[in-house]
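Novice: Given chain A, work out where chains B, C, D, E and F should sit, using these hints.
There are 6 protein chains.
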Amino acid sequence: MNDSSSRNFPQPVAGTVVPRFGDVATFMRLPLFRNPADVEIGMVGVPWDGGTTNRPGARHGPRQMRDLSTMMRRVHHVTRVAPYELAKCGDLGDAPVNPASLEDSLERIGHFYAKLHEAGAIPLSAGGDHLITLPIMRGIAKGQAPLGMVHFDAHSDTWDTYFGGYKYTHGTPFRRAVEEGLLDPKRVVQIGIRGSLYKRDDNDWAVEQGMRVITIEEYFDLGVDKVIAEARRVVGDGPT
Amino acid sequence: MNDSSSRNFPQPVAGTVVPRFGDVATFMRLPLFRNPADVEIGMVGVPWDGGTTNRPGARHGPRQMRDLSTMMRRVHHVTRVAPYELAKCGDLGDAPVNPASLEDSLERIGHFYAKLHEAGAIPLSAGGDHLITLPIMRGIAKGQAPLGMVHFDAHSDTWDTYFGGYKYTHGTPFRRAVEEGLLDPKRVVQIGIRGSLYKRDDNDWAVEQGMRVITIEEYFDLGVDKVIAEARRVVGDGPT
Amino acid sequence: MNDSSSRNFPQPVAGTVVPRFGDVATFMRLPLFRNPADVEIGMVGVPWDGGTTNRPGARHGPRQMRDLSTMMRRVHHVTRVAPYELAKCGDLGDAPVNPASLEDSLERIGHFYAKLHEAGAIPLSAGGDHLITLPIMRGIAKGQAPLGMVHFDAHSDTWDTYFGGYKYTHGTPFRRAVEEGLLDPKRVVQIGIRGSLYKRDDNDWAVEQGMRVITIEEYFDLGVDKVIAEARRVVGDGPT
Amino acid sequence: MNDSSSRNFPQPVAGTVVPRFGDVATFMRLPLFRNPADVEIGMVGVPWDGGTTNRPGARHGPRQMRDLSTMMRRVHHVTRVAPYELAKCGDLGDAPVNPASLEDSLERIGHFYAKLHEAGAIPLSAGGDHLITLPIMRGIAKGQAPLGMVHFDAHSDTWDTYFGGYKYTHGTPFRRAVEEGLLDPKRVVQIGIRGSLYKRDDNDWAVEQGMRVITIEEYFDLGVDKVIAEARRVVGDGPT
Amino acid sequence: MNDSSSRNFPQPVAGTVVPRFGDVATFMRLPLFRNPADVEIGMVGVPWDGGTTNRPGARHGPRQMRDLSTMMRRVHHVTRVAPYELAKCGDLGDAPVNPASLEDSLERIGHFYAKLHEAGAIPLSAGGDHLITLPIMRGIAKGQAPLGMVHFDAHSDTWDTYFGGYKYTHGTPFRRAVEEGLLDPKRVVQIGIRGSLYKRDDNDWAVEQGMRVITIEEYFDLGVDKVIAEARRVVGDGPT
Amino acid sequence: MNDSSSRNFPQPVAGTVVPRFGDVATFMRLPLFRNPADVEIGMVGVPWDGGTTNRPGARHGPRQMRDLSTMMRRVHHVTRVAPYELAKCGDLGDAPVNPASLEDSLERIGHFYAKLHEAGAIPLSAGGDHLITLPIMRGIAKGQAPLGMVHFDAHSDTWDTYFGGYKYTHGTPFRRAVEEGLLDPKRVVQIGIRGSLYKRDDNDWAVEQGMRVITIEEYFDLGVDKVIAEARRVVGDGPT
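Top line first, the protein sequences correspond to chains A, B, C, D, E and F.
To convert, note that position 54 of the first sequence is 37 in the working numbering; the numbers rise steadily by one, no gaps.
To convert, note that position 233 of the second sequence is 216 in the working numbering; the numbers rise steadily by one, no gaps.
To convert, note that position 178 of the third sequence is 161 in the working numbering; the numbers rise steadily by one, no gaps.
To convert, note that position 101 of the fourth sequence is 84 in the working numbering; the numbers rise steadily by one, no gaps.
To convert, note that position 139 of the fifth sequence is 122 in the working numbering; the numbers rise steadily by one, no gaps.
To convert, note that position 110 of the sixth sequence is 93 in the working numbering; the numbers rise steadily by one, no gaps.
Hints are supplied without guarantee of correctness; some may be wrong.
The list cannot tell twin chains apart, which means a pair is met if one copy fits it or any two copies do.
[Stated by the list, open to error] Here are the simulated SDA-like pairs of lysine to any residue, each with C-alpha atoms no more than 20 Å apart in a straight line:
hint, residue 1, residue 2
1, 150, 90
2, 182, 54
3, 182, 1
4, 182, 61
Rather than coming from a laboratory, the hints here were simulated on the basis of the structure.
Chain A on its own, in the form it takes in the complex:
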């Protein structure tokens, strides 16, 4: 097998040709496409942090990730896999957002992903705060929900409400997703859960729904290999 791709997919610009600090920054130095039908895997920014109840700023994430992604090269040094030869990848720009309205942002993001899903593209998303996962799941649900999920996080993000009943924040997306039938809790594994709780039963809802919660303590007890095996067992063969 040689380095030239048989299907002639766009490849990241090499740092030996254009220095990494050069030119307009796109995800992985790939071309920018505006039509999701033009790619198999589309990288999307979601510059929105309106669900954040604490420190904001994740809205600046997509631009920073575009800039820093120009540091990456094409081939993994041990497996020698070159992902960009296996699928046609591209930058699809940012999902539309409205920093002045949480509801409108969820609507816009969901609509953007629904169109992308209809066009047959698989999204790889860069946020933004954790709440963006909800409209993304809504957008890509058609024909594949309820989904399984492998979730790496300190928090379960299955709290119910904040500030006296508000149901949409960066701490609630997966509770909403289960309620809406987007996630199959029995096929969800949450890895690395840690950090203090507001109430003793904060994480109980997730467990009661059937999610497999692996705390960071259990993670270190099991070791990486067993955690990977457990994650594979939980999500099974369904769409994840």
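Specialist: Just chains B, C, D, E and F now, kept in the frame of chain A:
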């Protein structure tokens, strides 16, 4: 006149007694009161930036201002005025906010200021983004609206809508305030207006309503003294 | 067992009620008490770094820790222990200090802790440089010295003098404490000691006094569980 | 005159439509063109600082300027001029550079600008260090050299050599440009010159060639209006 | 007059010979002398901030100033004066200090400057906090006290005591210097005084002693030329 | 054995005598020597990053390392080895560089090290980017090339060319060193190699030449002790 106040008001803790970096940080090192009836002038934080369409972070403003306000001393070095002898001042904590809901935040802030106004306290507020001025004005309107205003800013903040019709952002508070009868545009002076526009007529609405807009260019042409005189003329004797 | 405390102790303000960046910052978002008799455990800041022979700034520690402590929640996610239900906790403000006098600061800090100890409160202190431990021990010595100690640090802090005979710096507190009868060296364990030495015998004094010094190398050899067991063995049942 | 352009040029994306932190960052949020024939004015990055004898980093300038240029709006608030209606503007990406070779970089940059000049585009460049001006001038010289120049800087950048005879650094571009016949020194005005010198005669060469050097001291003596008039007088009507 | 010095004094290393970021950083890139008799003007660091009642860190000042002073060149661009040709200048290293003792530091610094003064060198000092001026004056007093002084600062630094009677802080050096007969207050001018006061009469002592206090407000009213003339008038011909 | 050295070598200044932030910063607070014959081990700065194809700034490394090295003490806390008693060590200043010429810099650095090698000093170098290793090897080759090497890095630095044939960058020094007969590839071990590749065979050249490449994955599989043994085996007894 000597340094001890005849009315025995709380005075900022002196840096020659407790170093400035010491103890819990309150505005101006004044006592914290939870009942607005306990002060004549109450300093209030409004830790909210949900109306910001660009860079967030102003929600952290009140804490930072409390910390930095411990650098101030009591007496102006030229006029020798000691403000804390002239009125009973205190820190009233923060207005309640909801980072996950713009509407609820405007509601909570307005309600907090209405109670403060009823109690007879005069607020001095530390934001927070510019939109917080709207619920503050709503809260203190009773018995004194429409208000005059001396506004120092780069922007007129009288734009109409963003993102396809959204009426509440950090760029629209004074248009809403005029529409709601909170502000008397003929008694508003905006000083220092500058910066490029989206459309040629962005600032025309303010002028058409009768606001006196002093661009930064006119400010330098007039000089400080004439600008102060003009501001006094515009707002007149009414509540401002 | 439910979440409401039988003894109705003050609990930290939850981030689901007041956002973490909101209001005046106290330790753990607990109420501020000025009388140590009002609490069982009192959190105290000691904003002083006058014993520092290298980079200063620890005097700003207490304010920063108050600010950052608002990130914590109430219940441990694995043990489900909620410390604020087990004892009445509160912020007791800062101990008095004098940045222009080392001697006076040691005096003021010691006096503050002696009063706190008399009032029956147990202090939890946030410095400040390492020398503050000396006046704290002096303050709480009455009725319980000599104390045992579990000490986590890179350095033994049992050096003798600096700069030609100066006995009070951040490198000497535990030598002074042993000399003054505040610490029982045979019930002291120092964990994690590392970093180069000025002289070969810098750490010998501690060992000769009977302290158990566990270098970072020994720590990794033993593992966490054995180090905990060893620490328990060393300090025994006496006041620590 | 209304806001829609009669010639339908691309306009910067408005912050009221897509927030300023959103999407791929191009200069002024204009479209990216790869063919200079597609624009009348082309914004070009030159990410190169290999001529810098002191602190490097200007190679990161173009990306940062693209990011920050998304803060600008379309219309000047006093003159109401909207530049993007007067000419077809676009981002032309970056000129090619070679961080490992000064000579090759000068060659590549010069060649890029020559093609751009042939295509009829007028470049607006974002560096990069001061030496990039030399290959840019070489590239656009055809048919218009020797050029006049209005130069705002602390330094004259007309030093001769560094490090024992090296002729190409960020301190020498305009001496080389005069020697190569690219600049007409009698039509050059340097405004704001200041800062200490290595030798008493460091700035004498510029004056001897006929450049009009206005030090920062003379700038404040003359005032802005007279400096502008003097600059217009020096450069006259020729290409500048 | 040419660039080579008739007396062959050490000259700063030029940035055209060794780049500014190169080699060990000394003040102005001059040689390091340990014997004050070897120079006419000796640059001295005083890395001490133990008199600071607020934010520490000035102890790091001398190293940072050595690093940044490598940015300077030799000749003033307008006056064409080259200071290093007029006197033999050098870096004399740092005065000894004791970060754990205010009293010992004043002693050590004073002794260092006394030896330097005896050796006939004129010091140029880089602090450090304002209190270091007191031991410097003590050191160089012999044969020239009481001195005049031109003092640029926001604060008069003539406060009496802090923290209940402590006489030595960064806010008190010039009061102590007058009391000790080191300064002749009638030949002292303080320029730029501003900032709020603890008490109305904080600056009265200075005025009563005969110091000429020019507030920043008066500075802008008078203009630079008149302030310089006034300063010259106040200090007269005596040692300053 | 006591702390005083039998051979009276210069020792680092102790932080208990002069605080660590004090005086001119040299490597390890050792004396500065300009003649390499005066030391057995000479610490050298090489303030040059002209071979860097990505983020520059390593040219500031030597000054920063001098500053930070003042944090070190003399004796290892476990082994109790005091290196400065075993050999005469000193700071030899910086190698000469030319930020405007890659070729000239390689020449100057090589020449500096050749003289140092002739004088019998062993250099310990602080860069600067990775390319400086090439001229250092050239300088010290006489009488000992080809050398063995223990190389800790993420990258093999044995790429061939950049930017269309440029052979000298921070990614190519060890390929050039093998080609020039400076390195014996069979006695080279590279430890910690990781990070994605431009092409599948980027690291193959090193392996084909006989270098032992231990990826970070193999490093964790083997463990520290086996990696050290393997490194000893590879380099053997020859000069390394």
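Novice: Hint by hint, note whether the structure agrees.
Specialist: Cross-check of the supplied hints:
Both within a single protomer and between protomers do residue 150 and residue 90 lie at most 20 Å apart by alpha-carbon distance, with minima of 15 Å and 18 Å respectively. In this assembly of identical chains, the alpha carbons of residue 182 and residue 54 lie at most 20 Å apart only when taken from different copies (15 Å versus 42 Å within one copy). With identical chains, the CA atoms of residue 182 and residue 1 are at most 20 Å apart between copies only, with a shortest distance of 15 Å across copies and 53 Å within one. With identical chains, the CA atoms of residue 182 and residue 61 are at most 20 Å apart between copies only, with a shortest distance of 12 Å across copies and 45 Å within one.
Violation of the numbered hints given earlier is absent; every hint is satisfied by the structure.
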